[in-house]
Each structure stands twice: as structure tokens, then as C-alpha cells.
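With the sequences and hints as input, model every part of the structure.
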Amino acid sequence: MAKIVYVDVNGERHDCDVANGLSVMEGAIQNDIDGILAICGGSCACSTCHSYIDENWLERVGRPGDIEDDTLELAQDRQENSRLTCQIEVTDELDGLVVVVAQNDG
Amino acid sequence: MQKNPLVVVGAGQAGLQVCDSVRKGGYDGHLVLIGEESSLPYQRPPLSKKYLTGTVDEQRLTFRPVSFYEKNQIELRLNERIEALDCIKHNVIFAGGKTLNYEKLVLTTGSRVRPLRCDGADLPGVFYIRTLTDARALCQRLAKVDRVAVIGGGFIGLEAAAMARELQKTVVLFETTEHLMGRAVSAFLSDFYAELHREHGVELHLGCSVNRIRRQKNELVLETETGTEHRADILVVGIGVIPNVELAENAELECRDGILVDEYGRTSDPDIFSAGDCTMHYNGFLGREVRLESVQNAVDQAKIVAGNLFQKGASYTAVPWFWSDQYDAKLQIAGLGMSHDEFVVRGEVKEEGFSLFYFRKGILLGADSINRPADHMACRKILENRIDIRPSEAGDLNFDLRKRSKIAG
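So the sequence lines, in the order shown, correspond to chains R and E.
Residue 1 is where the first sequence starts when you use my numbering, and the numbers rise one by one after that.
Residue 1 is where the second sequence starts when you use my numbering, and the numbers rise one by one after that.
No wet-lab data here; the hints were simulated from the structure.
Each residue gets a CB set at the ideal place from its N, CA and C atoms; glycine is no exception.
There is no bait here: all hints are sound.
Residues from chain R that face chain E, not an exhaustive set, calculated with beta carbons under 7 Å:
1. I39
2. G41
3. E73
Structure below.
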């Protein structure tokens, strides 16, 4: 279990408990976080779970893999700290992770 | 004055999207989403993929938790079947006779599996993959058997075959045409996938129909048209879907292999719209009518419907796209390349990844990409923005596809 802090598209902060093994995206869906759409259900085939990783967490979360990196091309306003949250697995190490949901109009 | 509700019939991908989009668009009236299944609306794609390995908790399939429906005041009526429509009175009629009066109605009834029709098609041990109930039954059985037969070489059959191989089952697959995924991809790609499946140990029979199935002791015996027999513990059937048009047809709405809708999602009744698998729709990108069976179409068309229910909104021009996961080959399809007169290969033809770009009279129609999401995304953008690209450019790895896709159309 890890505490993930989601800052939704309205700027509101939500502290959520997310089970290990779920993706950060799934944690967002289960907690009704505004802005995460996850149209492809987490298959890394769209970009609507796009979020920005807080810079204090970037190293621990890591960089996107090749496929994710390519898929991020479709994301609106991609930045250095962009990740597709469906590709980040929640573990104890990510306890306290802060993600800022991107504009995902889908 | 209290208006009647917006009623959405069919609680799948499209139905839920209509509700979500209409609320985001500012509709604050009564909203009812009706579905005949008893589960909270859920994703179908995983049912023929990871879910079959038994490692995916069902809860992860639901689109949104109950709190989402509460927060957005979507009255969710599950396990309820609509038997008929009364367009004059503006009623949907439930099984049992109850009626619900609507202001506007959206039909997102989706599709159902095409049933196998041959002797023995109804025997125990025959599975389809459409609903969660189907998939759950198959998953439980799959864990206990050794030999799996599959009828149907489309996406469902192939994904199921790949999952069965992942579980180390013996797999034999029958496809009546010579081409796997023949409705969706080129012969070139079909051949590549045939080899891919064979390399992964699937016994593949193309151009082969199963005529009869019988049970012998504890196993199924499949008899082909050439008289050969194959034994299996279970049979998975994936031979296509049929759009659920009956409600519309019986209400005399125009249908043609789908509920006919224009580019705004309107049926032949001004107060009834439709979106998703069940529609035959005009797509501005293609410039013609088409019926698409995909998540993308369900989502994008539903958004168009939501934008046009109460005012004039955008028209449906989205570029179709689709994905399928089989072994380590992540296939992504952009556009519709089937009517091509030429295609080019981008990269080297191998499981690790390559793309096929399809052209007609020199104009890009679409692309099939394996493990090359950058190509897939670039193609989508190029199609969307009607950017020029030549076959020679698409096929040249030294050509910067990404840069070309970023040109303003």
C-alpha cells in the first residue's frame, strides 16, 4: 500500500491509499481523480493517463521505457517529467509520490 | 418545468462516455444509464487478453467506481433489459412492461457474438468471449485443461490463442479464410501473424472450416470439412459480432447492418441518437458509411453524440485506431488501410517491430505498426491533419516521420 498524492486538473490535492501492484492510473480511477481518462485501459495505446511527476520523485519513479516514450508523443504538452501513469506500478517505495494530472482532453 | 430525463440504453464503453461527456458539457438534468448486465460498466479489451491468465482482479476491469456515478448523478440501472421503444410517446419499455419517458434517447446497445452454427455448437465446453460472465467461465476452465481449440482467426481468436499458449496449453486454431484478421489487415500482415503464431506453437489451419463437433467421453472432437478430426478439451469461438439493432429496427428507425446515424450521431428520429458498435455511421475522415468495432469509435462517437444532443455540435471526423496484443507483438492500427493499392514497409519485418504504411493513389490511408508506437502516433497525426507524405518517405527509416507529423495541417 502506498500513499499517492494526486493533484487533479482543477488543482485540487487528493491523498489516496493505493494498493501495491495497481498502476498509478488505476489508483486515480479508483479515487475518481479528475483528468485521468485512461481510454485504452492501461495498454499504453493512448495518452490520456498522462501526468507530471513531482521533481523530487523523478529519479525514484524512473524514466519511461521505449514504448511509453513513443506513446507520450501523443500527449498534450509533454514535459521532461511526463509519464503515462498506467505504466507506473505502485510499490512501497512510491509511498508519498506526488503526481500532477496533465490536461488530457482525450 | 421539470424535463424528462436523458436516457442512455446500453451501459458499455459508449454509453458511459455519453454520460461522462454530457455532464462535462454542462448538462445538469436527470440522466439515466440502463444496462442489461449486472456488473458495473467495464472494459472489454482485457477479457480476451490478460484477464484469461487469471491474474487480473475483476475489479480492475470496471471503468469507474460507484462513487463516480454518485458524484455525477448518473442514475445507473443495471440488470435491466429494454424490450421496446415507443418513439411517439418517447418511452423506453422495460421487460415486464414498465416505461420510462425520455427527453432524448441514446442507443448504445453495442453488439453480441455471432453464434457458431454447426452440429455440436451448443455442446458444453464451447466458450465465447464477449461479456465478463463469458470470460470468467472461460478463464476458470482454461486453468484446468490442456488442449484448446479455437474457431476464428480474428482478433478475439488470436488473442485467446496467444493467452492459451502463454499458459502452456496446446492450441489448434481454425480460420475459414486464408487470412488471419482478414477484415482488418493486409494479406502481408496476415501472413506475418500466421508465422508468428506458428513460431509460438499454435497449430494453425487456414482456409479450413469445422463442420461438426461432438463430445466423446471427456473431450470435444472437431471434424473439419475435409474430414480430419481434432481433439480438444475446450473450444473458444470468435467469429465476429452482430450489432444490436433490434430495438431500433422494431421502432422503425433506419438501419443498415447497424443503426444508421449521420455525422452528428442522429438516427432517423430527431430525439434518438446512437453511438458505438451498434451504429452504421458516416465518418468524415473516411468520407463514407462504416461500422467500426472498437473502443476508439465507441469513445469518440459518444463524445460527438453528447455534443449534439441539445445543440449543434461538432461532426464525427475522428481517425479510427485500434490495438491488439498477441505475444510480444503489440499491434496498433491507424486509419483504415484495407483499400490500398500499394504499401511500404518501414523497418525490418520482424517480431521486434516494423510498420506497414498503406496508400491509395499516393495518398496515405493508414498504417499497421508492431511495437512501433511512434510510427502509429505519427500516422494518426498525419491523417488527422491531412499532412502530405509520400510512400518513399514513409518507407525510409532515415526520413523523420515524427517531424513531418508535427507540421500544421
